[in-house]
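K.L.:
So the chains spell out like this:
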Amino acid sequence: MRKNDKLRNNKNKHSFRKKLLLESFLATLFVFLVLWLFFITIKISFKPFNYVAKALKEVQLTDMYFSQLQSNNVDTNIVLVNIEDIDRQSIAALIQKIDSAGPRVIGMDVFFVDRNDSLGDPALKKVFNTVGNKLVLSVFINPETKLPDEKYKYFKNVIYGHANLPNNENNTNVIRWFNPQIKSEDQPIWAFSAMIAKAYSDTSFKVFEKRSDDQEQINYSGDINSYLLLNHDEIMQKKNSELSFLKGKIVMIGYLGGQCRTTDDMNDKFYTPVNPVYYGRSLPDMFGLVIHANIVSMILTHNYINAIPSWLLFLVSFFIIYLHIILFSWFYIKKSIWYHLAAKLIQLVTFTAILLIVFQLFANCHLFVQTKYILLGIILSADMLYFYDALTKLFGKIFHVKSIFSH
Amino acid sequence: MNKPGYQYTMKVFVIISLMLFTIGTKGQSGDYYMVFSTSGSVYHSINKQKSPVQRGDKFIKNNLLVVDEGIINLLDNNCKRVTISKKGVYSFQDVRLLFDKANSSLTNKYLTLVWEKMNESHEIVQHKAGVERGYVNDFFPSDSSVILSDTLWLRFDNPGRQTHNLEIIDDSAKLVYSEVTDSNQVIIIKSVCPWWSAGYYTWIIKSPGQREKDIFHFYIPDETERNKYKNEWNEILMLVKTLPESERNNILKELQDKYKWVW
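Protein chains in written order, with the working numbering: chain W, 1008 to 1414; chain Y, 1006 to 1268.
It should be emphasised that the hints constitute simulated quantities derived from the structure, not laboratory data. Please note that the accuracy of each hint is not assured.
[Said to hold, decoys possible] Simulated crosslink set (SDA-like; lysine to any residue; CA at most 20 Å straight-line): (1) Y/1085 to W/1074; (2) W/1245 to Y/1044; (3) Y/1235 to Y/1264; (4) Y/1055 to Y/1037; (5) Y/1091 to W/1292; (6) W/1254 to Y/1106; (7) Y/1091 to Y/1235; (8) Y/1122 to W/1363; (9) W/1379 to W/1040; (10) Y/1195 to Y/1254; (11) Y/1106 to W/1283.
[What the hints assert, rightly or not] Restraint-style ranges between C-beta atoms, simulated for each label pair: (12) Y/1121 to W/1347: 25 to 35 Å; (13) Y/1243 to W/1363: 26 to 36 Å; (14) W/1210 to Y/1105: 33 to 43 Å; (15) Y/1121 to W/1352: 16 to 26 Å; (16) W/1309 to Y/1051: 34 to 44 Å; (17) W/1374 to Y/1264: 52 to 62 Å.
Cβ coordinates follow ideal geometry from the N, Cα and C atoms, glycine included.
Please model the entire structure based on the sequences and the hints provided.
P.N.:
As structure tokens, this is what we get:
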């Protein structure tokens, strides 16, 4: 008698486990269906309320990594020089002075529009000729013609690179990507930072060229403090012998604020993932020149960010959500009083663990894992079980099928 | 009695704890830090002598780093960086702690962040919605402060970095210290200060070409009194230890303002 009870119990347990796994699988499919509907709904019905879609789109947990957790490195190959508001003639004198110290590359993130300074323009032309191939100038590419504006072409025989950064019309997007090249009818125009990297190390540029992505995610090394920053007057006041530390370096010249390191100056300043305030409203945090410097650092150190393939992301997401649903279902059926508490605790622990794994992958393997689908799936799954339960009851009545949820 | 299951659980627990809380690079800092870059008013203070910090300088043990309106980036011997922009006087040990925090492992940083975010309270802070014009007083320590630290840090208004004369007079009206400076602060360290003894002092700031002078007072207690205050302060610290950081800081600030203790 007892033996029979034991056997029946074992059989029931086995059958429950099988059903739990099967129904959890069905519930996972259901969660994915809801997720899919959720994103479709947002795309269609929330279009007039763009901020909802935008808020979801803007959330990237790697921002938390760049902003709060990133290693505090410095790049000593690059020196930044702030030109503040000096005129063309002073810029010419500055380039000449820097060139005399023997840097390997000089990058100028300054747009010289048309001929407009009778003293400064000849001085600039002269110094551009003297510096030669060592100099890379930035240029803005007209997004419609895919060509540099004619007005930028006054200074000829200079290496140009485009300084376009993908952004919205209000300049409020977070700069996470850049275009390695803009393809025009004649020939592709490479990014300003790519041209600087090419002039410094052809090997590094070839690696970058092989990736040939339309867009490349920027792996930020840090903020302005990661680079040695000098003001134009510091350079001009120093003797040539005191500038020997510039020898063999990349010197990037541009605008870094009227007064260095103030947050008040918003000219040529952008939002980046390095911003200490990584969610909600904040001030733009990084000057364009520092973004270019970060890209140069990335190319020279080959620290590119690689995204995991979509199919792998889908499989991993499905598996993780499936495991959660098995656990949630067990609590839902067997320990229904503790269901909510257990679900919240499980969500907290797994969120923490998943993000830690994602950050470790990002920091050590430069592998970017899109987490919003996994995390949203885990959040939804706890509540979707109620919906799934109701559905099983409905279908149970119609098709006379008994679910483990029908208790 | 042998309990293999219990032992196994403990083993797993210890391993997981070690994995989670290991601090990767702690304790690797050397005997000095290198100044990578600096801007604004940042000074070394070595044996009472104050000098502006320059790129390439070494920050060594027994030195003090005074950050006023400025920013400094220091490097350790692994080329790891720490940025200091908060006003204050930093000892070598303070800087070492900042490096330890910055160089800790990603896991450690992440778990600390999670914990901080879980305990984050959203205080409403009042901000100025207007601009200032004119002379803004910024004197430290406030009048009649009790100096309990071994360092006397006097700060005063000098926005144009003009030459000012600082004088300190003891309670017998004897001039014990005089310095002409174009800075906005002076640091005096007890161990190298011949006149440092218990008593009341007056410090006077005179700006050139002006009749007005700013006069403040401070008091240095004797060792017994100092120890008494120190014990009281330690007791307070113990009492507020468990409070959230922001609440704790507010209470400590209020008490410091009330008793005018300067640590």
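K.L.:
A separate judgement is required for each hint: does it hold in the structure or not?
P.N.:
Verification of the hints:
Annotation: proposed proximity of residue 1085 of chain Y to residue 1074 of chain W holds, straight-line Cα distance about 17 Å (limit 20 Å). For the proposed pair residue 1245 of chain W and residue 1044 of chain Y, the alpha carbon gap of about 17 Å is at most 20 Å, so the pair holds. Straight-line distance between C-alpha atoms of residue 1235 of chain Y and residue 1264 of chain Y comes to about 12 Å, which keeps the hinted pair within the 20 Å bound. With a CA separation close to 18 Å, the supplied pair residue 1055 of chain Y and residue 1037 of chain Y stays within the 20 Å bound.
For the hint pairing residue 1091 of chain Y with residue 1292 of chain W, the CA-to-CA distance comes to about 18 Å; that is within 20 Å, so the pair holds. For the given pair, residue 1254 of chain W sits about 34 Å from residue 1106 of chain Y by alpha-carbon distance, which is inconsistent with the 20 Å threshold. Distance restraint check for residue 1091 of chain Y and residue 1235 of chain Y: the Cα-Cα separation of roughly 25 Å exceeds the 20 Å cut-off, and the hinted pair is therefore not satisfied. The suggested pairing of residue 1122 of chain Y with residue 1363 of chain W holds, with an alpha-carbon distance near 15 Å, which does not exceed 20 Å.
A threshold of 20 Å between alpha carbons decides the hint, and for residue 1379 of chain W with residue 1040 of chain W the separation of about 16 Å falls inside it, so the pair holds. At roughly 27 Å between alpha-carbon atoms, residue 1195 of chain Y and residue 1254 of chain Y are farther apart than 20 Å, so this suggested pair is violated. Pair hint residue 1106 of chain Y plus residue 1283 of chain W holds up; C-alpha atoms about 17 Å apart against a cutoff of 20 Å. At roughly 26 Å, the beta carbons of residue 1121 of chain Y and residue 1347 of chain W sit within the given window of 25 to 35 Å.
Restraint check, residue 1243 of chain Y to residue 1363 of chain W: a C-beta distance of roughly 34 Å satisfies the suggested window 26 to 36 Å. Restraint check, residue 1210 of chain W to residue 1105 of chain Y: a C-beta distance of roughly 37 Å satisfies the suggested window 33 to 43 Å. Between residue 1121 of chain Y and residue 1352 of chain W the Cβ separation comes to about 20 Å, which falls inside the hinted range of 16 to 26 Å. With their beta carbons about 43 Å apart, residue 1309 of chain W and residue 1051 of chain Y fall inside the hinted range of 34 to 44 Å.
For residue 1374 of chain W and residue 1264 of chain Y, the hinted distance range of 52 to 62 Å is satisfied, since their beta carbons lie about 55 Å from each other.
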